[in-house]
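Visitor: Sequence:
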Amino acid sequence: MRAFFVGVVTAGLVGSGWGQVGLRPPTQSTLRDGQGAYPAPLPTGQAVLEEMSERAAVIFCGVVTAVRLPGDGLSGVVEVEFAVSDAVRGAGGGTYVVKEWAGLWRDGARYRVGDRRLMLLHAPGPGGLSSPVDGLDGAIPVGDGVDLRWLEARTLRGSMYSEQGRVVKGVAPAAASGPAAVEEVVGLMRGWEARRNGAR
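If you read the sequence shown in the numbering used here, its first letter stands for residue 636, the second for the next number, and so on.
Worth flagging that the hints you see were computed from the coordinates, not collected in a lab.
Beta carbons are placed, not taken as given, at the ideal position from N, Cα and C, and that holds for glycine.
Certain hints may be false.
Stated by the list, open to error - Ranges between beta-carbon positions, derived for each pair:
1. Gly822 / Gly749: 20 to 28 Å
2. Thr730 / Thr679: 31 to 39 Å
3. Gly833 / Gly711: 39 to 47 Å
4. Glu819 / Ala744: 17 to 25 Å
5. Asp779 / His757: 22 to 30 Å
6. Ala829 / Ala682: 28 to 36 Å
All chains, full assembly: derive it from the sequences and hints.
Guide: Spelled out as structure tokens, the structure:
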């Protein structure tokens, strides 16, 4: 019966979108636990950002000022230099250079001079290479503000599974808030950092 119910709900939602029916998409765990149409609420973009920040060794907001590529583009290291405007953890003011394996760039540029990003980076490894937390999700574009819908969309994508673990296609996310001011987001992250340091 549960598999039939999941199939009916999935079929109905593909055509109508979650926002139109007033439900949150079921998560894999709620379907597995037999809760069906009453899943736990999805984390907000702010909650996802906090969770990602807990895994980051370096957090800052800055503008790309230089990209240095190796000669062949497929081996070696790409260096991306940022002018840091707001440092939260592991980066002082001034500049910060992210070193990435050049193979990550084989499908195109990951950053361009002038890009403004909120960067959440793993600690550099022994060779000095680093990468954003959760891939490019940890290199959040900043325009007029920090758009946490970037993370909300990632959360929604990751939660749309049927009981068999297949992704449900064609589900539209509900309307979300617009970008938050950079100062507001950096302030939140500094608050989390202070709380984290106080708990030690």
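Visitor: Against the structure shown, which of the earlier numbered hints fail to hold, in ascending order?
Guide: 4, 6
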